[in-house]
Structure formats: structure tokens, C-alpha cells
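Make a model of the complete structure from these sequences and hints.
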Amino acid sequence: MGTPLSFEPETVEPEPFELAASQVLRDLAGPKATLRADQLAAIRELAVNHRRVLLVQATGWGKSAVYWIATQLLRQSGSGPTLVVSPLLALMRNQVAAAKRAGIRAVTINSSNSEDWQSIEQLIRSDQVDVLLISPERLNNPRFRQDVLPALAASIGLLVIDEAHCISDWGHDFRPDYRRIADVLSGLAPDTPVLAATATANQRVEADVAAQIGSSTLTFRGSLDRPTLHLSVLQIATPAERLAWIASWVQSNPGPGFVYCLTVSEAERTAAFLASRGLSVQAYTGSTPTAEREAIEASLDDGSLACVVATSALGMGYDNARLAYVIHLGSPSSPIAYYQQVGRAGRGLVHARVVLLPTSTEEEIWAYFASTAMPPKAVVEQVLAALGSAGPLTVLELETVVNLRRGRLEALLKVLDVEGAVERTGSQWQRSEIPWEYDTERYEQLAAARRSEQDAMRRYQRSPGCRLRFLREQLDDPAAEDCGRCDVCENRALSDAALSDAALSRKVSVADQAAAVQFLREVPVPIEPRKQWPRGVVGRSGNIASNSRPEVGRALAFGTDPGWSEVVMPLFSAPDAPPTQEVLVGLAAVLKSWPWQHRPTWITWVPSRSRPALVEGLAHGLGALGKLEVLAAVQRVSVEAPPQSNMENSVTQAANVISAFTFGLPNGEALPAGPCLVVDDSLRSGWTMTVVAEGLLNAGADQVLPLVLWRRP
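For the sequence shown, the UniProt record's numbering gives the first residue as 1, with consecutive numbering after it.
No lab work stands behind these hints, which were simulated from the structure alone. Just so you know, even glycine gets a beta-carbon here, dropped at the ideal spot from N, CA and C.
Below, computed lysine to any residue pairings styled on SDA-like, alpha-carbon distance capped at 20 Å: (1) Lys377 <-> Arg442; (2) Lys627 <-> Ala588; (3) Lys100 <-> Gln76; (4) Lys414 <-> Gln382; (5) Lys531 <-> Asn547; (6) Lys377 <-> Ala449; (7) Lys627 <-> Leu671; (8) Lys414 <-> Leu149; (9) Lys32 <-> Ala98; (10) Lys377 <-> Val418; (11) Lys414 <-> Ser111.
What follows is a list of derived Cβ distance ranges for each label pair: (12) Ser126 <-> Lys100: 15 to 23 Å; (13) Pro666 <-> Pro142: 55 to 63 Å; (14) Glu381 <-> Asp576: 34 to 42 Å.
Listed below in C-alpha cells is the structure:
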């Protein structure tokens, strides 16, 4: 790790270099902008001394100004263009707009502008680009690596690695594609300056990043204090109360501000509730189309949007100096990630509010994302063996021999590709000739580090000490001290009733709580039918005919979403028992609001090996409420098959249930006329319901309407 540098202020006449740098800053940020000594020192090391530099500075410190100014000075001295590797499109759009203000010709190659790639590449070849911004995923694109990157690396005047903690697998947001930066570094001329910048690196991550960018790296580490932020933790008992509190907050605080959620569905639902209360809000997630994202960012910038409800898709890099608050509905799994996200607020204000609202289901979400880590050794070796013996194979072909869900399989292949164990040609993968061993000790250490971060987040919620000091200590900030501004420092209690701050202690009206309860309980949870069999399943292939698949179904609860999940989830951890009356009434309400063309005339259920009393109780309970005939038209015959919950991808999930059931009435009578309501306790992949619907329809059912208690993510 490079030696951290510190600077003593001096009163000297500005030199030509400082004057030139200051002028670029004024072009970027306005006539009153001034450079600090530590910023100027970093710029000098890049633009004059051509060093490799790691910046670990607080959000809002001005890291991007350093590389824009260094870029302009290097270009003026005849150097080649700057390559910026940045993880998010929001950051790229912000950066391109900032560059234009200073007369810097900046362009970006990303997934949203593929139609411009050829013209941009031509501009690069003709030296008409000062800055190229790309995502790390672009470095993993074979055509870009082969056709664009070699020539670009040879001519780069400055390499910038933004959000550089993503390089380190010790970091809270490690991204395998960032490891491709090593290819760029190896192709640089020896005197090409490199800047790695982050606000979220503890000592371990700092050392790892510095080692990766070069043994002579200079590290500029500053204080991570955020003097404008006022941090609080607010414990609110129920999801409905939390939603109502957020609505009250947004209504009484003009903003603009962010409400962060842990999942896409949570963000979309929260935004919908706030909009239903007449508030000017938008949801911004990984599922939001590019044009819509740009419109939301523009509305935030011009002040026409009061609040954005976002996932981490709107996290790193978006800069709005007027952002007045950040609320988290649910805790991120890492205090370092939390520090980064709250750092969006208060950049140009003297006072900004940060409020964490813990939820009872957040740890379920942490566990889900933790499950995407490196698979066990046996599974990885199975993948490599399949590629070695039968490769090259596509991901779809690999799924037929490896029980790993597609997202996790693709992530594994990406890691193995970066580490040289596999090679990709088009859509096919094969084993390389490079020896590779599973580093059990390292992966166990990484898993332990993730668990430690989760434990730190739990401690943050109930910490008796300063909130900001806690976060800064997690980042190994040697200057960490009590902020004097957070709820603990101001001696506030953690309960809403005891808070002295009027903005935080605002009481939520009974009407707002009732509206939130009703909204959460009435959010529809559709179940879309599968329309195509996965490749590689014996006995099934191609499209599923419309007369062999179910109608769009419904579920009472989805994942850990509020409303019904807190009622439903305990049923799956308790001993098997018939459903409660509350659950039956909830399902009856789902049926009442279901916009079907024809009402069901009879009910059957999917036999369960683990919860027979629950599933049969659902069918008979609904039959009694709706005065519908209940028949045992599905019989399980494959009792030795592995539990469906153990199957990880579509191929194994479908194959595991194709021969698991028989259909029809035990006495051989015809099935009743009219649509059939098929009840099950849970649904994850949908393949069990697909097979059951096909079997019932082949046995003479008119229509199949799936209804499940819990739709798992």
C-alpha cells in the first residue's frame, strides 16, 4: 500500500501549473470554485509526475474534478485521451455533462448507445475524443477487447478507475469485470498516469487496490467526515407504519431526496404508494429503461421531482448538490455500502437528514444476495469438468449437467474467465489450458468478511455511540470522532415517541396508516405461466401450447415484501398445520379482486410432502368459503425425488417434476366442467405448476387457475 500523504498549507504565489488547474476547475464548476491543496497535489502527481495514484476521499470531496483537470492539462501537453472505467450509467451521464462545461470532449460506450459505437470508435481513432467513459462490463466484451482496447491502451494519456473498491473482492461491491483492468494496465506505456478513486475503502481494500494498480502507487487518504449529515435510526414496528411515516416525511420535506429500498419490487411498490398519496415521486431501479432514467435524473436536477425511490442502481456517481435527505427502507448488508449511499446527500447544503428504517425482513434479503457468492468447490469442479470433457458449451447446455441457477452460473463463468480458467467464443464456453485451483481458504475468508459486515450493520442499528463515527471506523478512518449531530450524539432515544426533532417525531395519522395497510394488502401478485420448455429436458421441448398451460395466476405474498409476507413466512418455519383464518380471508380477497374471465367451479391442490396439512387446508378452506367442490385430482407418485427447493435452474427444476404426478379422479370419473382453481403453498420457478396444469388439462380440465400462498423470489 502506498504511503498516505498529508499537506501543510503554505502562503505562496500561484505557479503556472496551479493557475492552469484552477482555470479548468472554474470552467467545470463556476467562477467561485477553488482547488484545495490536497486536490492540487493529486493533480500534480498525475499531470506532471505521471504517477499512479489512489484517492480515498469522502463522497463530495471532488475526486472527479481531479481527473477532469488532469485530463485537460495532459491533453494540452500532447497526451492521449483519458479512459474512465465507471460502474454506472448515471455516473457516466453526469460526467459527460460536466466535461462539456469545461470544453472537454467526452463520450461513452455503454449498453444503451450501441447504435453509436462505430462512430465513437472512429472518433477515438482520429483523436477527436478527450475522454472515453466505459463500464467494466465493456472490458469483458470480446470484440471490444480485441478490436478497440489494444490500440486504445497504447495511446491512453490517463487511466481512471472510478469506484475503485470494485476491483477488490474484499470490497463491499466487488465486480469481476473490474479485474479486466489488469489487461489495460499491462498495455499502458510505463509513464502513463493512473488514478483509482473511491470513498469506500478500508485498509484491507486500500492495500489490495494499491497493489493491483502498481507497487509504487501513491495513496492520498483524507478524512471521511461528512459535516452536513445528521444520521438517525428509527425503529418502526410494521411495514404499513413505515410506509405511512415515509409519506409524511416526503410531504413535509420539499427535498429533493432519495428513499433507498433493497429490492426492485420494494422500490416500485413504495413509489406507487407515495404517488397514491399525491406526492411527486418516481421509482429508479435496475429495471428502469434508460430513457426513463435520464428523464428522472433531469427532473431531479431541475427541481421538478421531489423524491426518487431507488435501489442501488442510483447509487455511485450521481451528483446533486441540493439533495436534502436520504432514507433507507431496510438496511444494506454492509455499513460501507450504507456510508456510500447516504453520501449522496448534503453535498451543497449545510444540513441534510439521513434516516435508517430497519425492517424485519432485511436479513432474508441479505441471505439471498449472499447466496450468489462463489459456489462450493464440488460445483465449480463439476462446471470445469463438463467444459473440459464436452465443451465448448453454452450456458443453456451447461444447465443440463450442473444444478446451478443461471444467474449464479453466469457469474461463476465470468470469474473463471477473468482468472483464465475458461475461455469464451461467442455464446460458448470451454476449459482453457491454464491450471486453476479452487482457493478454499480465500473464499471462506471472503464469506467471513461478508458475515462480519452484516454483523456490523446490526451493531450500527443499536449502537450506543455516534452513528457517523461508527461508519468512519468501519472504513478505518484514523480521524474518526463523534460528529455531535446524529441522534445518539444529541441524546435522542431511538423510539419515535421520544424523538425531540419535530421532523423525525412527526406522528403518522391513523388515516395514513390505514391507507398503507390497505395498499400493501391489495397489491396484486401475478403468476405468469411458463411458455417454453427449457432445452435439455427429456420428453419435452419447444413452446408450450396455449391449451397445455395455465392461465395467469395469483399469489397472496411475494418474497419478503410487506403486506402479507410477515404473516405467510412464519407458516413455512413452523410445524405443518392448517392455515389460519387470516390467511384464508386474505386469499378470498385475492380471488374477489382477480379479473378472470370465468369464475372457478372446483378446486384441487398440489400434494405436498412437507406441508400436507397446510396445502389441503387451503383447498378445503377456500372451498368452504366459496362453496366450491374440492377434489383430489392430482396424485404424487414420485416420493423419492429430491425436494424441488433443491433444484437451482430451469432444466433441473422441470426434469424433477415431469414424472412426479398423475392426474384425474381416483374413481375414473371425468373432471368437473369449468375452470379449476389449483392451490399450492409456494411457487419459485413455476415448473411444478406448469407440469400440474399440463396434466390436468390433458386429463380433461377446462382451464387451470393457479393460486399460491407465497411466491418466492
